[in-house]
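Enquirer: One-letter residues, chain by chain:
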Amino acid sequence: MALQLTINGISVGAIYALIAVGFAVVFNIMRFSNFAHGGMISACAFISFFFQRAIEPTPPLYVTIIFTALCGVIIAQIINTFGFHRIRKNNSPKLYYFLMSLTFAILIEQILTVFFGTNMYGFPSIFEHETFAVGPVIFKTMNMIILGVSIFMLVALILLIEKTKVGLAIRAVAIDSQTSRLMGINSNIIITTIFVIAGVLAGVAGVFLGVQYGVYPSLGPSMMLKGFIASIIGGLGSLRGAIFAAIGLGLIEIFFTYLLGATETTVIMFGILLGFLFIRPQGIAGKFTEDKI
Amino acid sequence: MKKFLLICLLVVFVLPLAACGGNEEVSETTGDETVVEEVEEEEVEDQETEEEEVSAEPILIGSIQDLSGPAAEAGTANAWGVEYAVQYINDNGGINGRMLEVITFDCKNDLNEGINVYRKLVDEYEVAAIIGPPLSNPASGWVEISEEDEMPIVGHFMDEMCTTDPDTGEVYPYMFLAEPSCSTQSDIMAKFALEDLGLTSFATLYNTGNAFAVAHAKPFMDYVTANGGEIVAEETFTWADTDYSAQALKIVEQNPEAVFLSDYTNQASLAYDFLRDAGFEGVILGANTLSLPFPTLVKNDIYDVYFLQNYDMMNPEAGGYELFQTYMAEEGSEYPKGNVAFGWDAVHVLVAAMLQASDPTDGAELRDLLEQTDGVELAEGTITLDPATHRPSNMGMYIAEYDENDNISILTYIEP
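Protein sequences appear in the order of chains X and Z.
Residue numbering for the first sequence is 1 to 293, as defined by this note's numbering.
Residue numbering for the second sequence is 1 to 416, as defined by this note's numbering.
So here's chain Z without its partners, still in its complex pose:
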């Protein structure tokens, strides 16, 4: 019985294969001269077609985003922005006729995972460049290997350590930031608090386990103390903490005029409630993570809250409005997300360099061109990169607050 089954299997699987192979052999072994000439002509045509295909081959770019983990909400919006921008570029002629193709990987806001997916994109897919995530943790692992691989990376990793060496101040040649850095953003907020609000005494409450939070809080404190203000309390929490009541009590005891909250939206909303519950009635300042959906997460009334915004997302007159509306419609999002425009912007910075390059897949050439980025149109405004830091030299931030209906209201735009 077993033998019979084996023979049946052989008949079913081997015979069709033999038949296919036979066909190939026939075409290859034909001795007729005319046929040979035809074959030769076909080969020449094939070669020409292949050459055309090579030049028309899509340019592969990588996109490494936080699609899971604590920053997934930002990461998925970022990834959408990248893919939408690539589609837009392709619909408008691509890179001098060549289409862009994006391969997206999840780095889970993790340094090691970031390196793993980077290696995959560089070694297996041989991408021409990479669009990085909006977080610094994974990006910090690429600062040196990107130089070894001559792999340009454009992203929104705001921590300065992702673009310049914190010890020497030297720029990492292949890392490019497409929004104001953490310290620029914190300086803008501190400047607003000191000059526009006229505040002088501050406290900070931030997550020591989050590079984003630390990289915002420290420059804020430095700016305040360097410009006549005072930090009366510096309180922290960690990822493992869920109760910040002790920190809030300590801050209330010091009676600052304002507290600078620095962490992602989830933790910042908790911190806000703990501060208000502890009796703090002063001003709350924060990064762009105090944007939507912050009002849906807090339980206390929102008042005297000022935070940073990269884009004027609710303004129909602003350049990025249509992009945000498209995202909301396509993804069913209840509110606009700045990360959508981050993805869009990073692609446009890269594309501007690719359009000028003689070979848009040459990392070294792209690097040189990226360094010269000047006045490239973004979702809102333009970007000019400082060759010494690879960070924007011209981009400021909006200061926003919530109105009585918890809608975002833009107050002012502050230059760096």
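Bound-form chain X, shown alone:
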């Protein structure tokens, strides 16, 4: 049973990791928690759902993922251009970014509600067998795909940031944007790149969450809470920290729900968050950013 719970916990954690990294990647550069990410996830979930329904014959999952990721990039750029770019241009206080992201999160959710209601839309079954067994352990096919794709994407993202010139520029802007600009780095391009990454992550998370839990306007925002907790515990802005914290959170959630129950687990998770804020506010990764909102 412990093995089964561990598999389930890691699978849940992989989804949280996609959300948490979407948070962390924007925070890394912009120094604010982008709550619009939840709205982007919901919008992407709807796009993927209707994309699958509109195309005959139903396209394979990877096509839906690629298409939705592209749409996620477009949505992210719209939010960046019409929301954050102006604030940045005016050199407005960080609080404005937070308010803008919250506004976009609510706006997207409400637009989706106006057009589609609060009903849930269910993806049709994608696989011939929803589960498969290896010995006594049951694996959910979708969970394994989510896990595989998440690991691939997160590793690719870490390699991009740590091993490429673009990544070097991103890190430079993250450390000191003004000095980076003096060194010839175009911070606008870097910020656009960051929103491209966040858009791809939102698109992929939207497809996976939609397939796994159904599609509804509050899907993204409802999952954001867990992603946000993971990004805080991981150390705001730290990608590795966010991934480890998200996996840990998934395991804690599954094990404690099994042992104590769902209501108690929610209390425990917030207790852990509070504990981190008291004892180690810089999170697992040890990185601490004073500007966080």
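Where hints are given, some of them may not hold.
Here are the in silico distance ranges between beta carbons for each label pair [said to hold, decoys possible]:
| hint | chain 1 | residue 1 | chain 2 | residue 2 | range |
| --- | --- | --- | --- | --- | --- |
| 1 | Z | Thr296 | X | Gly167 | 42 to 52 Å |
| 2 | X | Val137 | Z | Thr296 | 22 to 32 Å |
| 3 | X | Val137 | Z | Asp301 | 19 to 29 Å |
| 4 | Z | Glu170 | X | Phe132 | 51 to 61 Å |
| 5 | Z | Thr296 | X | Val134 | 26 to 36 Å |
Not the full set, but computed from the structure, chain Z residues with beta-carbon under 7 Å of chain X [claimed, not checked]:
| hint | residue |
| --- | --- |
| 6 | Ala72 |
| 7 | Glu73 |
| 8 | Thr238 |
| 9 | Thr242 |
| 10 | Ala246 |
| 11 | Leu297 |
| 12 | Lys299 |
Covered stretches of chain Z (chain X as the covering partner; in silico rule of three or more C-beta atoms under 8 Å from a C-beta of chain X) [claimed, not checked]:
| hint | segment |
| --- | --- |
| 13 | 258 to 271 |
| 14 | 275 to 289 |
Calculated directly from the structure, the hints in this document are not laboratory data.
Where is the CB? At the ideal position from N, CA and C, for every residue including glycine.
Given the coordinates of chain X, work out where chain Z should sit on it, guided by the hints.
Expert: Chain Z alone, transformed into the frame defined by chain X:
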């Protein structure tokens, strides 16, 4: 330049007003006797017309529904049913010649919002009565204020706490339920599982944050244990949860013959998939939220699923069939919704009382008449209210299942 603009504005806006006022003054200040007599006659005629208009004034009723929030799908269908019923009543002569007019507000399945819109309807619109939502959360906030305002409320708030005081058992005088209560419904399902299916061991999986879910799950467990069955696992989740795999695993470990799922359709469909994914192959029992669109939301095959139904919605022979078909045609719905008939039924219960009242806007009189509701025709069947509980004493529920094509098939009707 500014002065010139100001003068122009004065000319444009003030002169026409002065001209209108001048006309009024002329008619009021006329000294001629004949004209005065004519004016007096006109006044008498006006008064008579006004009196006629007063008696022909529409009767305002309020409709508070969940038009947004997690129960919006049910709420909007409910609101449609209310408005369609009002239109039907008016087309058939209204309340002894007086038309009904319905004012609808959204309570968002929220207690405070429910109280806000209730106050608006009572204080600002001075409605004669209110049709309530199909959910208990907002309705629970009106149990006492409706008594203070003498405001009859008829609805489908199934939780018993909306019609009787949970501590004393005393009835809330102005709250009336127009369908079987949660515990009646759960008792019917438990009775079916124990007697018709011959099951003995059960588990429950329900949302502790949802009054609807709790109010179904607890009576189900009570009935089972009181009648020789056993609850081997009681698992729960909250609104914040999206993954129920741990609960499903725990249930599978206990190996019950059946699991009673209790929550709205979205969560119930997720719970179903998690249970089947975890390897549970037994019977799934549920409330009427396992009805359509449940099959479109689940990914696993649907088998051995039994659930409650208020109406035989797919049966052309059944009384409510035409109503459901009209809704589907007018609203473009792909499937019938029981809530349409809820709205219809609640209006008809209220109208039956209004038709007997000497003053259909008198809350106290309506209350007394509602308490005597006996054999009132509904979309399907009739309703008789128990004066001691203000809940139906004669209404049972259908037990339904899905056939191999995921169509609803009614198995039986069980009396309370």
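Enquirer: Does each hint fit the structure? Answer for all of them.
Expert: For each hint, the structure was consulted:
Taking the beta carbon of each, Z/Thr296 and X/Gly167 are about 44 Å apart, inside 42 to 52 Å as hinted. Restraint check, X/Val137 to Z/Thr296: a C-beta distance of roughly 30 Å satisfies the suggested window 22 to 32 Å. In this structure the hint that X/Val137 and Z/Asp301 lie 19 to 29 Å apart at CB holds, the actual value being about 22 Å. Roughly 57 Å separates the CB atoms of Z/Glu170 and X/Phe132, a value that falls within the hinted 51 to 61 Å.
One distance hint, 26 to 36 Å for the beta-carbon pair Z/Thr296 and X/Val134, holds here, with the actual separation near 31 Å. Taking 7 Å as the C-beta contact cut-off toward chain X, the hint placing Z/Ala72 at the interface holds, the least distance being around 4 Å. The interface hint given for Z/Glu73 holds, since its Cβ lies 5 Å from the closest Cβ of chain X, which is under the 7 Å cut-off. Against a cut-off of 7 Å between C-beta atoms, the interface hint on Z/Thr238 holds, since the closest Cβ of chain X lies about 5 Å away.
Interface hint at Z/Thr242: satisfied, since its Cβ lies 5 Å from the closest Cβ of chain X, which is below the 7 Å cut-off. Taking 7 Å as the C-beta cut-off, the interface hint given for Z/Ala246 holds, the closest approach to chain X being about 4 Å. Given hint, Z/Leu297 at the interface with chain X, holds; its Cβ is 4 Å from that chain's nearest Cβ, closer than 7 Å. Taken as an interface hint, Z/Lys299 checks out: its beta carbon lies about 4 Å from the nearest beta carbon of chain X, inside 7 Å.
Restraint check on the segment 258 to 271 of chain Z versus chain X: 4 residues with Cβ-Cβ distances below 8 Å, three needed, restraint holds. Three residues within the 8 Å Cβ limit are the bar, and the segment 275 to 289 of chain Z against chain X gives 4, so the coverage statement holds.
Taken one by one, the earlier hints all hold for this structure without exception.
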